[in-house]
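**Student:** Protein sequences, first through last, are from chains W and V.
Per UniProt numbering, residue 1 is the first one in the first sequence, and the count goes up by one each step.
Per UniProt numbering, residue 1 is the first one in the second sequence, and the count goes up by one each step.
These are computed hints drawn from the structure, not numbers from a lab.
Fair warning: this is a prediction, and the values are worked out from it, not measured in the lab.
A hint or two may mislead.
As the list claims (entries may be wrong) - In silico lysine-lysine, BS3-like type, Cα no more than 30 Å apart, as pairs:
1) W:5 to V:164
2) V:363 to V:422
3) V:47 to W:169
4) W:186 to V:47
5) W:186 to V:166
6) W:76 to V:106
7) W:76 to V:166
8) V:387 to V:240
9) V:106 to V:363
10) W:76 to V:277
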Amino acid sequence: MAYDKFNILTSTAVPLPIENVDTDQIIPARFLKATERVGFGDNLFRDWRYNQDNTLKEDFVLNQDKYSGKILIGGKNFGSGSSREHAAWAVYDYGFRCVVSSFFADIFRNNCLNIGVLPVQVSAEFLQKIFDAIEADPSTQLEINLPEQKITLLPTGESESFDINDYKKNNMLNGFDDIDYLLNIKKDIETFAENTPL
Amino acid sequence: MSATKTLFDKVWDSHVVHKIQDGPDVLFIDRHMVHEVTSPVAFLGIKNRNIPVMHPEKTFATADHNTPTINQHLPVADPLSANQLKMLEENANEYGISYWGLGHAKNGIVHVVGPEYGITQPGATIVCGDSHTSTHGAFGAIAFGIGTSEVEMVLATQCIMQPKPKRMRININGKMSKGVTPKDVALFIISQLTTSGATGYFVEYAGEIFREMSMEGRMTVCNLSIEMGARGGMIAPDEKTFEYIKGREFTPKGADWDKAMAYWETLYTDEDAIFDKELTFDGSLIEPMITYGTNPGMGMGISNDIPMASAVQGGATTYQKSLKYMDFNEGDSMMGKPIDFVFLGSCTNGRIEDFRAFASIVKGRKKASNVTAWLVPGSHKVETAIKEEGILDILTEAGFELREPGCSACLAMNDDKVPAGKLAVSTSNRNFEGRQGPGSRTLLASPLVAAAAAVTGKVTDPRELMEEMVAG
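Same shape as in the complex, but just chain V (with noise of 0.2 Å):
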């Protein structure tokens, strides 16, 4: 066996418990988070079997996919909402886990308030029953999601049974053009891999395109690894990681610090690891992404035409009822379509650099008259420093509203439902059939695409309202 690893194989290999022969690996978990719509069956699972959470100072537990994004301070309405908001509450203190719930100062969407608070922490294992958890990524941990039969495994044994996936490395090199943001970058990759592309594998992403890239935008990247089938994706920890990190509520302090940065700073892919699959893609020729059809892997530039069945891969009769739902036609082109909501958030582009992003297009524009806007901060903090930043009155002044912290329109669990017909650019990770409510129509995009597509009323290239970039 080759001395030298992956980035995933250390972080993996270190956490084994222990190997099952033609079965999987018994994996150690450092970081659970829950929220209340994968866990409640889960808390009741070690009830019936009158077991005790194991460690219940490695489980956070945070409200956020099924909350109102108005009027937090007001009982929730919806009875089953506020039923399962309710539970886990109670089982987050019978069992002694920490709970962010709807109106702590902390609360926000687990993926994004996990890295602000420094939970996430790089070479760590971090779960949570949410397939994005794969953002933790970002800072060199293995992430994924799990189901909620084994939340229950964690919550009692801190522990999941799992065979390990194959390594695959993404290499794009190439700075990022103007008016493409890391979500385009993802959703270019996804394009090209299709939804299942790597399904099976774990990705480490490598190159000059996401050393150059903020903790934030690796985020994105991470996080949309599962829409192309990985199970997570990861970017090896460097000084921006460790600066990010540094002096937040749950980070190593003093002599913890020296020695959590000694074990960070192996965490590296060795110069002759082998890979199972290998990929590379020149990321100047990225241009800002739109999706046209019901996957996150049927996006393409924004300036070209909807791809005619005969090009793509796959079943032509699955594609021609995906633009069939979309009422799309084959070789129509996105820009100037009229569109009628704009979501800006989720754990996709919920943070802090997503708001200064749509801030710019929208700045001293407004808001098109045809066009709901739905601007949702994905935590307590971001909202905080949208309002510091004078975020807000960029945004008040261009005919626009702030909502209050959740996953709101990205599932529509809540009220935030786009409705049936209506077409949506929205910034989040899914265009599924209904994603967005029953008939809705959704098209992803990065933050400043939305915002253009929001003064505009229709798809539009930011490109073209954006400022000349200043050189250097």
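With the rest of the complex left out, here is chain W (with noise of 0.2 Å):
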């Protein structure tokens, strides 16, 4: 599915400093009920943010009127658990498009690359001071620089660069997603598929 192209995303952040958060608390299973990618936001972190009456957790970050911003900064194993594609959709549906942490789940890594969300991996004592300047002053803004691979605090330009592979690279830079290349290379498949033994 097409997404907005990325490039150089300046922001405020919203910061949820836990370690191994997991697909569950990004989206609980009772709601992967949809058949149409429409409104996965609204149920982001639902069991943080939400009492079981559905009035709204006031400690939880997301329901704090001093953060906000288009990126998530996480603890460690950030998106451990489950496949649900849902919870990188929850991620992009609430308006995050980046997330950054000292350590991605790979199911959950390779979920955000495919649908437009920027996993920015950072070394631990780069995040924490990230959630020291976001504690101390929650206007900080950072950059995040895609064709550079550079994360910048912008208050003090303090940076660090990041990994990510020049084909994944390409296609965010363009907003391509990869059925497009194998759809391209569909002949090679085909001969490929004839010769397997199983």
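Fit chain to chain and form the complex, with the hints in mind.
**Tutor:** Printed below as a string of structure tokens:
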């Protein structure tokens, strides 16, 4: 599915300094019943965001007015658990375009890259610097520069580079998805299929 | 480049259609399984692109995640769930995909029915929009969970694009002690590695403990590979594997079998092959395990005390948040904690051997009155075996009821939800906050530990309830 191109993103960020944030927290299974990709942002972090009577949990970061922006900052091992792409959809649909953490679960990272959310992995030290900066001043701006693969804390200019393979980088910069690529090599795939043993 | 290869390399490399420089491999997929929850948007995607399913004969559909486990003959009451099931059926019919929906004799959890009908085979690449697809690695397949965008890729082109994971081997020698099951072996490994210890790796399990394990036991171990972050886990196929798959519906027959065997017999790690990481444990030291926190890495031997925050890896804040959710304290003993629910089932422990193990403990005892028990077979085939082997009689006699197949309380998408605050001993795979229902608290354990809890009403070491082991 097509998504918005990603180039340079400058934004404030929402801090979630918790480790092992799993996909059941990002979007609980009971909200996976839709057959179209709409409205998942409403249930992002549902059980951390809302009480069981659907009133807001006011101490949760998404419910605090001082935090906003297109960047979500999570603790180590963000997105562990299920393969549900709905977790990445919920992040995107809520309005985040980038998740920063010191470590991502594998499938969640892949899912993000496939739908136009940029996962940015930084060192544990840099992650802490970001959390500290936002805690001191929630209006702290970050710059995510995809062409240069660089994340910068704008107030101090401190920065770190991040990894992304050239193929995925090119996709994100242009809003391409993998199916376009695969359909272009369909002949090769068909030849391969004729010779598989199984 | 070395000529020696790991099992993983052999299977992966033989499925690479195309390599992209500084990018992922284009990997050909032999078997694709779909279920109702992660497939509708993928079908919608190919519909919008106006392209067909490239190989409908390589995709298999079953309904499992969002199905009721009672009264399956009646219309599904929840309109959203009913719609999701209807979409799967319509999509399968429209694209000519085999469909084992609710009520079908072959229906069951996708990772239970795949092996049962011989869809799962050694040396195959198998994907499904479900992280526990790693289960099929028990047969020496490369099997892993994918997202919905990738489901769409497989439907459209029978390929996905994946960077090749690194290789890890986990060696465990020794024999399983009394009361220890494959589930305990897996929970032990995860407790050692944490939930991110194998992220970025594909794991091969090797050593005596896995060689001696039944195919179902190997499935339980491979199933839980994702819980330490690994994309998947696999075990080299052997006589036990070939014996298991022979004669099943989708298994090759006659000359095709011989041809397949010639390939399958090459599926082992060469002697000098190099792994990026190698770990070794002594299997005889593994105890029956139980978890006490909110991720599967927070597990320990059942007779131990909950570790102090100062003694664990990772952040103390996250650890204490987890214990607070569970309403446990550092240093608590798990033994004797009163429990409310028991869940036997899931793609982890919903097979016939799991029901046999559960029955071995409850036989001649009674379900504790404070416990609600949900016993959910992984498939109709398992359900039939439970009845034919007389296990149902044992369960009924002990005050238990058997439900109909499905994922059920493992992820609680249907009505099988553990109420807020209640404590469940569960044979499933995840103890995340709210996993089994909003506010529910989960202790992951083996079918033996679940059975011991079900008859005593509290966390109990199953070894206390087991018959003396007969020598030989």
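**Student:** Could you run down the list of hints and mark each one as holding or not?
**Tutor:** Hint-by-hint comparison with the structure:
1. Restraint check for residue 5 (chain W) and residue 164 (chain V): the C-alpha separation of about 26 Å stays at or below 30 Å, so the hint holds.
2. Only pairs whose Cα atoms come within 30 Å are accepted, and residue 363 (chain V) paired with residue 422 (chain V) is accepted, the gap being roughly 26 Å.
3. The suggested pairing of residue 47 (chain V) with residue 169 (chain W) holds, with an alpha-carbon distance near 27 Å, which does not exceed 30 Å.
4. For a cut-off of 30 Å, the pair hint linking residue 186 (chain W) to residue 47 (chain V) stands: about 18 Å separates their Cα positions.
5. Taking the CA atoms of residue 186 (chain W) and residue 166 (chain V), the gap is near 28 Å; set against the 30 Å cutoff, the hint holds.
6. Using a Cα cut-off of 30 Å, the hinted pair residue 76 (chain W) and residue 106 (chain V) is violated, with the two alpha carbons roughly 41 Å apart.
7. Annotation: proposed proximity of residue 76 (chain W) to residue 166 (chain V) holds, straight-line Cα distance about 20 Å (limit 30 Å).
8. Only pairs whose Cα atoms come within 30 Å are accepted, and residue 387 (chain V) paired with residue 240 (chain V) is accepted, the gap being roughly 25 Å.
9. Of the pairs offered as hints, the one joining residue 106 (chain V) and residue 363 (chain V) holds, with about 29 Å between alpha carbons and a cut-off of 30 Å not exceeded.
10. Among the hinted pairs, residue 76 (chain W) with residue 277 (chain V) is consistent with the structure: their alpha-carbon atoms are about 21 Å apart, no more than 30 Å.
Comparing the model with each numbered hint stated earlier shows that hint 6 is the single one that does not hold.
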